[in-house]
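**Student:** Residue numbers (my numbering), protein chains in the order written: chain A, 950 to 1253; chain B, 950 to 1253; chain C, 950 to 1253; chain D, 950 to 1253.
One thing to keep in mind: the hints can contain errors.
[Claimed, not checked] Derived contacts from chain D toward chain C, CB cut-off under 10 Å, selection only:
#, residue
1, Leu1047
2, Ser1048
3, Leu1052
4, Gly1111
5, Asn1113
6, Phe1115
7, Leu1120
8, Leu1121
9, Lys1122
10, Tyr1124
11, Leu1127
12, Val1131
Just so you know, the hints here were simulated from the structure itself, not pulled from any lab data.
Values in this document were obtained by computation on a predicted structure and should not be read as measured data.
Just so it is clear, CB atoms sit at the ideal spot from N, CA and C, and this is done for glycine as well.
There are 4 protein chains.
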Amino acid sequence: MIDYQNVINTIHQNLKDEVNRGVVASYIPELAGVDINNFGIHLRLINGETYATGDWDKKLSIQSISKVLTLAMALPMYPENLWQRVDVEPSGNPFNHLSLLELEKGIPRNPLINAGAIVIADILVTLLDNPKEEFLNYVRSVVDDPTINFNETVANSERMTGYNNFAAANLLKAYGNLHNDVDTVLDFYFHQCAIEMTCEQLTKAFFMFANHGACCQENVLISASQAKRINALMLTCGFYDEAGEFAFEVGLPGKSGVGGGIVALLPNQFTISVWSPGLNKRGNSLLGMKALEQFTTMTKHSIF
Amino acid sequence: MIDYQNVINTIHQNLKDEVNRGVVASYIPELAGVDINNFGIHLRLINGETYATGDWDKKLSIQSISKVLTLAMALPMYPENLWQRVDVEPSGNPFNHLSLLELEKGIPRNPLINAGAIVIADILVTLLDNPKEEFLNYVRSVVDDPTINFNETVANSERMTGYNNFAAANLLKAYGNLHNDVDTVLDFYFHQCAIEMTCEQLTKAFFMFANHGACCQENVLISASQAKRINALMLTCGFYDEAGEFAFEVGLPGKSGVGGGIVALLPNQFTISVWSPGLNKRGNSLLGMKALEQFTTMTKHSIF
Amino acid sequence: MIDYQNVINTIHQNLKDEVNRGVVASYIPELAGVDINNFGIHLRLINGETYATGDWDKKLSIQSISKVLTLAMALPMYPENLWQRVDVEPSGNPFNHLSLLELEKGIPRNPLINAGAIVIADILVTLLDNPKEEFLNYVRSVVDDPTINFNETVANSERMTGYNNFAAANLLKAYGNLHNDVDTVLDFYFHQCAIEMTCEQLTKAFFMFANHGACCQENVLISASQAKRINALMLTCGFYDEAGEFAFEVGLPGKSGVGGGIVALLPNQFTISVWSPGLNKRGNSLLGMKALEQFTTMTKHSIF
Amino acid sequence: MIDYQNVINTIHQNLKDEVNRGVVASYIPELAGVDINNFGIHLRLINGETYATGDWDKKLSIQSISKVLTLAMALPMYPENLWQRVDVEPSGNPFNHLSLLELEKGIPRNPLINAGAIVIADILVTLLDNPKEEFLNYVRSVVDDPTINFNETVANSERMTGYNNFAAANLLKAYGNLHNDVDTVLDFYFHQCAIEMTCEQLTKAFFMFANHGACCQENVLISASQAKRINALMLTCGFYDEAGEFAFEVGLPGKSGVGGGIVALLPNQFTISVWSPGLNKRGNSLLGMKALEQFTTMTKHSIF
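Bound conformation, chain A alone (with noise of 0.2 Å):
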């Protein structure tokens, strides 16, 4: 038997004073304040037990964390049509995305990439009367926590400097890939990312890509099998070009969002959820990244 807590705790001790934290983003304006000495985590197994320690409970910007969610809400919704707008595939280039995307006419190749979340979300507005509302009805409802909110703050602030967020829906409607006009897209899309939630949130959230499509409240919400999708999707795609060095240290799979959370998850054992806002330069929670490796070095899970 693991002694949870006691991992968590040592994880929490050896890295609570870092010195080395990363930077916190700061190209979108509104988070560049967040303090950088934040540092959660929490932990949910299968049979619910949980585990917390440090900062689990403060709430954090999900940013592009929310691309999980938009995409397990739109897969049941539109399944056979999705995959013909957005590929599957690792995405391998950091430094020119726009570039791929010409490349390759228009079809994103992932969505867990700004392009292909976008698509995304440009699905969910055309099938959802209310697209942000249902959107964050339906977070709220995965998580049974009906004060999850947007942080309008945050998604002004992302749509005042989100340029290449403009250029890349620009592209994609260039390409015929983009059915509702840019700016009503990305003002959902400016919206999922601006959700707030705490760790213990995050968990909840992503408890139903580890249970077989069944959330904690036992609602079923998408198909085993397309829970086994979308963790593949974010093995292999989940930390922008940092996917393989991820799935090479810490063998699950999981999401990273600039604001430096990062949810991850072993199928039918547990999900567990990081805070640190420092970023490494790939954009990824610097602890957060450091907590998970140790978490699967010392309790030995692994998809691997």
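Chains B, C and D: place on chain A using the hints.
**Tutor:** Relative to the frame of chain A, chains B, C and D by itself:
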């Protein structure tokens, strides 16, 4: 002595019944309706003599030809800094323009590709109080014709469908190489492209490049050295991915537009314009290219 | 309890008369003559039980499957420096491999693409006295079968037509990431690819990756941590540009070769090999991919 | 009347003590030892007058300048098919040449980049019985000087270190655009680059391009149209990734080599060569570029 009227009549005769005339640009809906049978030639010698044939007196949408005129207006006002914001090298890569812009960190390859012309537009928006009016007045004054105007319907049509330009402008913005807001700059850009001129007006507009910087009205608008530079740019970059082919077959500096117009010139000798709306697969007027090849073959005029 | 013999028999039955079997690789003339109707499956459980059907006992050219075995041999001998010479990220760009190598200054994306495997070959050429013999002996010892051999005709055929590999090796050399001479390294590389094995031998050869580093003979060849790393690489990079699709549809680490073989595995559970020489358009065995999809669907075995 | 001797003396005087002379090419070991202080200029007017200063009579390694001469030799022998195997567009992409070759499926962008010159070499190897001797005799005859020769040490040095050229040649071979074997073609190519000439010989060698195809000995070697085509290519592609800059600052067709030589010309007027071994960061002679800029500024000679 060359009998120029005879030369252009012969060319017109040779080509006017050509069945293979290319395709009229369809991505700007408003341009798609232009009659593909239009075909005009206008020649203006340095001594003021002019020769014309066919539809030389009908208005065409100058489109990318305008890029040379915005550059000519901006260069004397911003001579030192302009070349820090846009390079002077051929782009050499037709199918992934944004890729090149990414690889080169937001510095467009030259001012005659879209991204480069958008930077020049941004410069004019910064320098001018009423950018659209003042640029239009500049063109009117160069051509000495106050009736030249924007076609607002075309400008609007371009804005509604110009997703690639929105993508490029946002990418420039992301790299800090666009100082004004995207919508303002593109509004200017779509208007400059939507100017209408006749073949006769085009040979007047480009006269300064053949005449050491002085226009037909003998106003010196740019220095001889600036005229030389713009000629060099037209030769190496004026024909999308067919610049080398044009230098090779025609041997004159020039610029084409998707409206089917081409203007070319031989320094100290003449300016010539051709209009036929059908484009070859590289986006240049199919008959226009042939007409200029025949012209330089028959007259032996070439910079080489 | 799963009746594995029944499972693989069913799969064999489902697919053996399939008309659409893809195309046998033709760029290596010697391989072009292989009978497209070959179809074999071999399954080896962690407890030693084996199940087989079809042409499981015929020799096939292992081709790129060998890349996993050279990596397994090199990694324990050169553990620290290896990852400085080759990265661990998916390549994600099927159509311009050399481009990626140029952009990344001679560091191949991962050891399972050709350029990366050539670097691993170079490492073995440096470390071993008689590289070809010693590697062959390594494979024989892993499989416990001294009859395994190179097919010299195939190796020769690859050398005569392997221009892309010569291009890659020379580019590596230009960047200083190939320490031995091109011909020596490629002679080794063409031989490793020209090893022949049966499906049964392949499940033995890959047993160590499912078994924490110990082969069937219980010799520990690589550490558990190294086995984990190689599994992560196979999952993210083992199927050319179809790695994401394979992770998605099959959910097992594995490696394919243009000879039509595929080996896959579930850690702690089994290794499985399939052989059908016809390839899909991405270069992986068409029936092999289908067989493994059916296998994981029927048995619910997957790492996700 | 321009006092040409005075012009080139002034340029020589202006530049001869320049401290910043760039760097001598080091990747060909044999060239690395050349004295960076060499500096010569030679001017040959269309009427036969010549002017010279500095080290105009010392031998330099012509390197890429040879590409124009092989093209001039091949074009009349293979006029129709040549342009199917190599294009005429600027390459515009300094840092990933092989990438471009991949994207364009083995058709080099133009005959003045390495890959294109290797295709021209392949054409000569096919057409000539004794390619190296016959090409050398061609150059000797154009210059009317039987003492011109290969420097075998340089040729050998290039072969030992020319990995990028081996990569390019093999990639061409993979695409079917190299008909002879790689080693034979590159042996020819390394020899053509290793020809040595003086500045005086270079202005003779390029005289045909200024003189409608007839060399100093009045033999017509290429047609006027072919001369025009080669001039267009030199203008748009003659200076690596600085072609636009050179057209812009100098305004003459020309070709540089990593030996520090540059030859340029004005049709009907003159040929001029400059030699200074130090290169700027784009691989062109640093003082050579400055000398030609000063020459065209002082004499107002330019095609624009």
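**Student:** Against each hint, give a clear statement of whether it holds in the structure.
**Tutor:** Going through the hints against the structure:
1. Leu1047: Given a least distance of 4 Å, the restraint on Leu1047(D) holds.
2. Ser1048: 3 Å, holds
3. Leu1052: 6 Å, holds
4. Gly1111: 9 Å, holds
5. Asn1113: 5 Å, holds
6. Phe1115: Constraint on Phe1115(D) satisfied, holds at 4 Å.
7. Leu1120: 4 Å, holds
8. Leu1121: Holds - the Cβ of Leu1121(D) comes within 10 Å of chain C, reaching about 8 Å at its closest.
9. Lys1122: Status holds, d = 4 Å.
10. Tyr1124: Constraint on Tyr1124(D) satisfied, holds at 8 Å.
11. Leu1127: Check passed: Cβ of Leu1127(D) comes within 8 Å of chain C, closer than 10 Å.
12. Val1131: 7 Å, holds
When held up to the earlier numbered hints, the structure conflicts with none and fits them all.
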